[in-house]
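Hey, can you work out the whole structure from these sequences and the hints?
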Amino acid sequence: GESVGLHLPTLSVQEGDNSIINCAYSNSASDYFIWYKQESGKGPQFIIDIRSNMDKRQGQRVTVLLNKTVKHLSLQIAATQPGDSAVYFCAEISGATNKLIFGTGTLLAVQP
Amino acid sequence: NAGVTQTPKFQVLKTGQSMTLQCAQDMNHNSMYWYRQDPGMGLRLIYYSASEGTTDKGEVPNGYNVSRLNKREFSLRLESAAPSQTSVYFCASSAAGIKQETQYFGPGTRLLVL
Chain A
12 GESVGLHLPT
22 LSVQEGDNSI
32 INCAYSNSAS
42 DYFIWYKQES
52 GKGPQFIIDI
62 RSNMDKRQGQ
72 RVTVLLNKTV
82 KHLSLQIAAT
92 QPGDSAVYFC
102 AEISGATNKL
112 IFGTGTLLAV
122 QP
Chain B
7 NAGVTQTPKF
17 QVLKTGQSMT
27 LQCAQDMNHN
37 SMYWYRQDPG
47 MGLRLIYYSA
57 SEGTTDKGEV
67 PNGYNVSRLN
77 KREFSLRLES
87 AAPSQTSVYF
97 CASSAAGIKQ
107 ETQYFGPGTR
117 LLVL
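The listed protein sequences derive, respectively, from chains A and B. Read in the working numbering, the first sequence has 59 at position 48, and its numbers run on one by one without any break. Read in the working numbering, the second sequence has 14 at position 8, and its numbers run on one by one without any break.
Simulated from the structure, these hints should not be mistaken for laboratory data. Ideal Cβ placement from N, Cα and C applies to all residues, glycine included. Keep in mind that the hints are not guaranteed to be accurate.
Taking lysine-lysine pairs in the DSSO-like style, the calculated list, with each CA pair at most 27 angstroms apart, reads [as the list claims (entries may be wrong)]:
hint : chain 1 : residue 1 : chain 2 : residue 2
1    : A       : Lys110    : B       : Lys63
2    : A       : Lys79     : A       : Lys110
3    : A       : Lys67     : A       : Lys79
4    : A       : Lys67     : B       : Lys63
5    : B       : Lys63     : B       : Lys15
6    : B       : Lys77     : A       : Lys53
7    : A       : Lys110    : A       : Lys53
8    : B       : Lys77     : A       : Lys110
9    : A       : Lys110    : A       : Lys82
10   : B       : Lys15     : B       : Lys77
11   : B       : Lys20     : B       : Lys63
12   : A       : Lys110    : A       : Lys67
13   : A       : Lys67     : A       : Lys82
14   : B       : Lys63     : A       : Lys53
15   : B       : Lys77     : B       : Lys63
16   : B       : Lys15     : A       : Lys53
Taking CB as the label site, the calculated pair distances span [unchecked claim]:
hint : chain 1 : residue 1 : chain 2 : residue 2 : range
17   : B       : Glu79     : A       : Gln69     : 32 to 38 angstroms
18   : B       : Lys20     : A       : Arg62     : 44 to 50 angstroms
19   : B       : Lys15     : A       : Ser85     : 33 to 39 angstroms
The structure is reproduced here in structure tokens:
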């Protein structure tokens, strides 16, 4: 299927543990960041976003942290559940281009 | 609301054939987008339409054309398909533009070019 030849970084966690998914971005001019969740056979689903004037934003069971000094973004998922198993993408937007650029993704595998 | 819908779900083409991928949204969104996703990669923007009547190139526009038929519909056309266009194609929409609003994605069209 569409995963043939896929070599995504994989994070394997136990159900109930916290998960941290990391993302490095390259464009220091990027000023808006989004995390998407993509389940097998489906389109990406918005999880949470953060603007560059913030370093932390919390949602329901998820937290995004932004470190502009080292151009690093992370997604923390509390009390990970089997339904959280998916590929997670970070995406960035530069104010100059206004185009959404996706990272390569991380596969989160939740073990029961 | 159905959200963003795409047709067809699957398609097999021979090299050189043409086809149009259809996308429609019922959220009254102004902006619509076409992406492609290749194995092991994130989505790459092909074309987008910031508002009805306008279209602009994205990161990988070569080999594609688009039409913003009306506010609801945004189609992607492959005039002469090539094996390199084998991919999963996603349509998305947002209320006011990439920067300010969440993009909502359709379920995708899986295209195989032989």
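For each hint, the structure was consulted:
1. A:Lys110 with B:Lys63: Holds. Lys110 of chain A to Lys63 of chain B sits at ~10 angstroms (cutoff 27 angstroms).
2. A:Lys79 with A:Lys110: holds, 19 angstroms
3. A:Lys67 with A:Lys79: Between Lys67 of chain A and Lys79 of chain A the Cα gap is close to 11 angstroms, so the pair holds against 27 angstroms.
4. A:Lys67 with B:Lys63: Judged against 27 angstroms, a Cα distance of about 33 angstroms means the pair is violated.
5. B:Lys63 with B:Lys15: Holds, at roughly 24 angstroms.
6. B:Lys77 with A:Lys53: holds, 24 angstroms
7. A:Lys110 with A:Lys53: Holds, at roughly 22 angstroms.
8. B:Lys77 with A:Lys110: With Cα atoms ~20 angstroms apart, Lys77 of chain B and Lys110 of chain A stay inside 27 angstroms; holds.
9. A:Lys110 with A:Lys82: holds, 18 angstroms
10. B:Lys15 with B:Lys77: holds, 22 angstroms
11. B:Lys20 with B:Lys63: Answer holds: Lys20 of chain B to Lys63 of chain B is near 25 angstroms, not above 27 angstroms.
12. A:Lys110 with A:Lys67: holds, 23 angstroms
13. A:Lys67 with A:Lys82: Measuring from Cα to Cα gives roughly 14 angstroms; hence the hint holds.
14. B:Lys63 with A:Lys53: Holds. Lys63 of chain B to Lys53 of chain A sits at ~25 angstroms (cutoff 27 angstroms).
15. B:Lys77 with B:Lys63: Answer holds: Lys77 of chain B to Lys63 of chain B is near 18 angstroms, not above 27 angstroms.
16. B:Lys15 with A:Lys53: Status holds; Cα separation ~11 angstroms.
17. B:Glu79 with A:Gln69: 32 to 38 angstroms: holds, 37 angstroms
18. B:Lys20 with A:Arg62: 44 to 50 angstroms: Since Lys20 of chain B and Arg62 of chain A have Cβ atoms about 46 angstroms apart, the given range 44 to 50 angstroms holds.
19. B:Lys15 with A:Ser85: 33 to 39 angstroms: Holds: the Cβ-Cβ distance is about 34 angstroms, inside 33 to 39 angstroms.
Hint 4 from the earlier list is the only one contradicted by this structure; the remaining hints agree with it.
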